[in-house]
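Enquirer: Respectively, the protein sequence lines represent chains A and B. First residue of the first sequence? That's 1 in the working numbering, and the numbers climb one at a time after it. First residue of the second sequence? That's 297 in the working numbering, and the numbers climb one at a time after it.
The set of hints was computed from the structure by calculation and includes no laboratory data. Worth double-checking, as some hints may not be accurate.
Simulated coverage check for chain A against chain B, where a stretch passes if three residues somewhere in it have a Cβ under 8 Å from a Cβ of chain B [what the hints assert, rightly or not]:
1) 31-44
2) 276-287
Pairs of lysine-lysine, BS3-like flavour, derived with a Cα cap of 27 Å [unchecked claim]:
3) A:Lys197 - B:Lys379
4) B:Lys379 - A:Lys51
5) B:Lys350 - B:Lys379
6) A:Lys230 - A:Lys114
7) A:Lys5 - A:Lys273
8) B:Lys302 - B:Lys350
9) B:Lys302 - A:Lys51
10) A:Lys144 - B:Lys379
11) A:Lys144 - A:Lys19
12) A:Lys147 - B:Lys350
13) A:Lys187 - A:Lys100
14) A:Lys147 - A:Lys51
15) B:Lys379 - A:Lys160
16) A:Lys147 - B:Lys379
17) B:Lys379 - A:Lys230
18) B:Lys379 - A:Lys31
Each residue gets a CB set at the ideal place from its N, CA and C atoms; glycine is no exception.
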Amino acid sequence: MASLKDMRVRIASVKATRKITKAMQMVAAAKLRRAQDAAQAARPYAERMDKVLGSLNKRVTNKDGASPLLVGTGKDQTHLLVVMTAERGLCGGFNGNIAKLARADANRLTREGKTVKIVAVGKKGADNLRRDFGKNIIDRVDLKSVKNLGFVNAESIGDKLLALFEAGEFDIATMYFSEFKSVIAQKPTALQLIPAKLPEEKATGATATSAEAVNEYEPSEEAILGFLLKRNISTQLFRGLLENAASEQGARMSAMDNATRNAGDMINKLTIKFNRQRQANITRELIEIISGAEAL
Amino acid sequence: MAGTFKFELVSPERVLVSADVEEVLVPGEDGDFTVLAGHAPVISTLRPGVIESKPSGGGVTRIFIDGGFCEVTPTSLTVLAEKAHDIAAMDKKTIAVQVMAAEAVLHSSDATDEQLRAAHIAIGHLKWLDSQAN
Numbered sequence: 001m002a003s004l005k006d007m008r009v010r011i012a013s014v015k016a017t018r019k020i021t022k023a024m025q026m027v028a029a030a031k032l033r034r035a036q037d038a039a040q041a042a043r044p045y046a047e048r049m050d051k052v053l054g055s056l057n058k059r060v061t062n063k064d065g066a067s068p069l070l071v072g073t074g075k076d077q078t079h080l081l082v083v084m085t086a087e088r089g090l091c092g093g094f095n096g097n098i099a100k101l102a103r104a105d106a107n108r109l110t111r112e113g114k115t116v117k118i119v120a121v122g123k124k125g126a127d128n129l130r131r132d133f134g135k136n137i138i139d140r141v142d143l144k145s146v147k148n149l150g151f152v153n154a155e156s157i158g159d160k161l162l163a164l165f166e167a168g169e170f171d172i173a174t175m176y177f178s179e180f181k182s183v184i185a186q187k188p189t190a191l192q193l194i195p196a197k198l199p200e201e202k203a204t205g206a207t208a209t210s211a212e213a214v215n216e217y218e219p220s221e222e223a224i225l226g227f228l229l230k231r232n233i234s235t236q237l238f239r240g241l242l243e244n245a246a247s248e249q250g251a252r253m254s255a256m257d258n259a260t261r262n263a264g265d266m267i268n269k270l271t272i273k274f275n276r277q278r279q280a281n282i283t284r285e286l287i288e289i290i291s292g293a294e295a296l
Numbered sequence: 297m298a299g300t301f302k303f304e305l306v307s308p309e310r311v312l313v314s315a316d317v318e319e320v321l322v323p324g325e326d327g328d329f330t331v332l333a334g335h336a337p338v339i340s341t342l343r344p345g346v347i348e349s350k351p352s353g354g355g356v357t358r359i360f361i362d363g364g365f366c367e368v369t370p371t372s373l374t375v376l377a378e379k380a381h382d383i384a385a386m387d388k389k390t391i392a393v394q395v396m397a398a399e400a401v402l403h404s405s406d407a408t409d410e411q412l413r414a415a416h417i418a419i420g421h422l423k424w425l426d427s428q429a430n
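Turn these sequences into a full structure, and let the hints steer you where they fit.
Expert: See the structure below:
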């Protein structure tokens, strides 16, 4: 049986933990708002990019010799998984869920006899995948020192991917990130980056000709499409990073909320136990005194 | 005088400019061009350069962009640029930083021809801006 002093120390320690989790929850709430604003502000660019790419795609798929970024290399032997996770833990199942999805796909691809390469963005995902796929991780991107995610961060990853692609290092690239549905719901998602999945698939002849009549392209539609496809990769990566940042804070907020509540329950239980024991001690001492007096 | 149209300058991070304007000078890949209301629809890539927009209220706004692309319709102009700087807010120091970044690209061994060309143009513009800035 723990002594009264031990219990008092225990209660004090749980109280300290509760203060920390409460503070972390509030910090996460503030960061979440900022991350959501950033994701919101980035939306117009991505939307317009999508629109223009969609309409360009309608025209150019009719021609041969389109960019391999769009039509692929014609193979699907080597897969590159870009796994985006957080730099820090203590955010519930956030990192684990993304890694789990990536791991399931990596296992499936390996079984099918494909080569799997992994670029790990964020420390936690790399740690998580290192045990099973340690030698498949070809690159790691550290965003620990980045305070505010900027497009430059996405661009540097995008440039890396393009360089690898041009060197023939992989055929298909897929990005793994957590889609931000709401504060309590984040969905791990896989999105194919290369070859690009564009909103509009092959258009019918009629709309293609009408689009041709509507727009002029400078310099040529192929050149613009090639230019945009490169940018699109960075844009998609940027979107993934922003969604991930918001999801991470949301996950951390609810995880810390739970932790705070658990700590509160624990304090209540411990306090009741502590009081019972204290009263039992008093009663026992009284009995000893009374029985001592009676014995006289 | 032609009417006004909607001019939007969007960076990946946020919408930088959204205004009604009378005319905008855009540094297109194949040469500068001016957009007025009712312009034929064009999609063009842009080289690094200066966008000059004339808002309906009068005056001129100059913005330096580091390449990008634009979509013109008869009623709107949307410029998507990765980096944009309002020239009025640019001083010698920020320009010097940009020149250094562009020069780093020029001197790096693994830059593509396309990047080299863009960096070259950017430096030319930045030097000009430097002579204009106070």
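Enquirer: All the hints need checking, so say for each whether the structure fits it.
Expert: Hint by hint, here is what the structure shows:
| no. | hint | in the structure |
| --- | --- | --- |
| 1 | 31-44 | holds (count 4) |
| 2 | 276-287 | violated (count 0) |
| 3 | A:Lys197 - B:Lys379 | holds, 26 Å |
| 4 | B:Lys379 - A:Lys51 | holds, 21 Å |
| 5 | B:Lys350 - B:Lys379 | holds, 21 Å |
| 6 | A:Lys230 - A:Lys114 | holds, 25 Å |
| 7 | A:Lys5 - A:Lys273 | holds, 13 Å |
| 8 | B:Lys302 - B:Lys350 | holds, 11 Å |
| 9 | B:Lys302 - A:Lys51 | holds, 18 Å |
| 10 | A:Lys144 - B:Lys379 | holds, 23 Å |
| 11 | A:Lys144 - A:Lys19 | holds, 25 Å |
| 12 | A:Lys147 - B:Lys350 | violated, 36 Å |
| 13 | A:Lys187 - A:Lys100 | holds, 12 Å |
| 14 | A:Lys147 - A:Lys51 | violated, 31 Å |
| 15 | B:Lys379 - A:Lys160 | holds, 20 Å |
| 16 | A:Lys147 - B:Lys379 | holds, 19 Å |
| 17 | B:Lys379 - A:Lys230 | holds, 16 Å |
| 18 | B:Lys379 - A:Lys31 | holds, 25 Å |
Violated hints, listed in ascending order, are 2, 12, 14; each of the other numbered hints is respected by the structure.
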